[in-house]
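J.: Modelling step: build the complete structure from the supplied sequences, incorporating the hints.
Protein chains in written order, with this note's numbering: chain F, 1 to 118; chain X, 1001 to 1182.
Read the hints as simulated data drawn from the structure, not as lab findings.
C-beta atoms are modelled at their ideal positions from N, C-alpha and C, and glycine is treated no differently.
A portion of the hints provided could be inaccurate.
[As the list claims (entries may be wrong)] Below, in silico cross-link-like pairs of lysine-lysine (BS3-like), each with a Cα-Cα straight-line distance of 25 Å or less:
1) F:Lys33 to X:Lys1158
2) X:Lys1158 to F:Lys86
3) X:Lys1116 to X:Lys1102
4) F:Lys98 to F:Lys33
5) F:Lys82 to F:Lys33
6) X:Lys1084 to X:Lys1074
7) X:Lys1130 to X:Lys1119
8) F:Lys82 to X:Lys1158
9) X:Lys1116 to X:Lys1130
[Claimed, not checked] Calculated Cβ distances over 10 Å to all of chain X for the following chain F residues:
10) Asn60
11) Pro97
12) Ala99
[To be verified] Now the stretches of chain F that chain X is said to cover, found in silico as 3 or more residues with beta-carbon under 8 Å:
13) 44-51
14) 67-78
15) 83-92
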Amino acid sequence: MENIHAKQEEIRQKWGTLDDPVFESYKQLESLKETHIIGTFVPPRNVLLGPYPLPDNSDNRGYEIRITARNGFIAQQIHFLKVDGKWVMAEKIFKGPKAEVIQQFFDPQFPRNKWGSW
Amino acid sequence: MERLRLFGWGSEMYYVALVLVVSGYLGTVMVAWQSVQRRTGTTYWALFSILLGAFGAAWIAVDASRSTQQLSSKSDTIAQLQGKLAARSGEIAQSQRDLREKAELEVEAQKVLRQKSDKIAELNRLLAIKSDEIASLSRDIAGSVTGGGSYCYFGVSKPLGTRTDHFYLQLLREEESTHSMM
Chain F
1 MENIHAKQEE IRQKWGTLDD PVFESYKQLE SLKETHIIGT FVPPRNVLLG PYPLPDNSDN
61 RGYEIRITAR NGFIAQQIHF LKVDGKWVMA EKIFKGPKAE VIQQFFDPQF PRNKWGSW
Chain X
1001 MERLRLFGWG SEMYYVALVL VVSGYLGTVM VAWQSVQRRT GTTYWALFSI LLGAFGAAWI
1061 AVDASRSTQQ LSSKSDTIAQ LQGKLAARSG EIAQSQRDLR EKAELEVEAQ KVLRQKSDKI
1121 AELNRLLAIK SDEIASLSRD IAGSVTGGGS YCYFGVSKPL GTRTDHFYLQ LLREEESTHS
1181 MM
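T.: In structure tokens:
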């Protein structure tokens, strides 16, 4: 897989409203906070990004990651939540223009009913 | 040719028998004529009965001879028909043999045709397998350029130990057909 552009966007308080992971316009792409050009990714190559801080003054933080490749693009939503003083997380991975959910994960302590289908 | 026989003779002997009967009656008439010389009424009646009997005997003899000839003619016709029937039977038997041979040839042809069909089906199956292999190789070739059905995503390394205020992202690759809903 070549020329992977990993885009990360902080969602802030709009986590629950960003259902469509597809870029709507180039302007939206430009608004992304952080961009990485990774290049050809073939295991056992390892790509590690971070560290990314979690806020001390909030118990809620969301991110959206966009991965663009030759054979399509992936959107990944990550949500952190502080439960009983510990950060727990949930994530969903979408693929293609129809944003089909192809993978999802959540910690057992993550309150799923709070986020709809999570 | 089978003919009706009288005492072991052929039908021609009926005429001889007729002549003998007529001779017998002629002798009887001559005897009767001597009686006529005496001129009694019974004599005339006897003469009339003798003539009537001679006429009946001759009639029967002629009729029997004619019937024998007709029967002989019928026998000839029957024999001819039997001959024709035998010839026809031979032809029918030959036709049946021909039909049987044709049926056997047809069965053999169908057997060969079935074998050919099986062979064609087997070749089609092999062709389908090869086509699948070619399609798979084509997908692999395309996949080696474009990435195929694989995709990348970031695995989240959750806060560990004392530094619980940050996380890392690790790029992972997965084939589309093996992804699972966790």
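J.: Taking the hints in turn, state whether each one holds.
T.: Here is how each hint holds up against the structure:
1. F:Lys33 to X:Lys1158: Holds. Lys33 (chain F) to Lys1158 (chain X) sits at ~21 Å (cutoff 25 Å).
2. X:Lys1158 to F:Lys86: holds, 11 Å
3. X:Lys1116 to X:Lys1102: Holds: Lys1116 (chain X) and Lys1102 (chain X) sit about 21 Å apart, inside 25 Å.
4. F:Lys98 to F:Lys33: holds, 24 Å
5. F:Lys82 to F:Lys33: holds, 24 Å
6. X:Lys1084 to X:Lys1074: Holds - the C-alpha atoms of Lys1074 (chain X) and Lys1084 (chain X) are around 15 Å apart, at most 25 Å.
7. X:Lys1130 to X:Lys1119: The given pair, whose Cα atoms are some 16 Å apart, holds under the 25 Å limit.
8. F:Lys82 to X:Lys1158: The given pair, whose Cα atoms are some 12 Å apart, holds under the 25 Å limit.
9. X:Lys1116 to X:Lys1130: Roughly 21 Å between the alpha carbons, so the hint for Lys1116 (chain X) and Lys1130 (chain X) holds.
10. Asn60: Label holds. Min Cβ-Cβ 14 Å, cutoff 10 Å.
11. Pro97: Holds: least Cβ distance 14 Å, greater than 10 Å.
12. Ala99: Nearest chain X Cβ is 13 Å from Ala99 (chain F), so the label holds.
13. 44-51: Held - the region 44-51 of chain F has 6 residues with a Cβ nearer than 8 Å to chain X, which meets the minimum of three.
14. 67-78: Per the Cβ count (8), the hint holds.
15. 83-92: holds (count 4)
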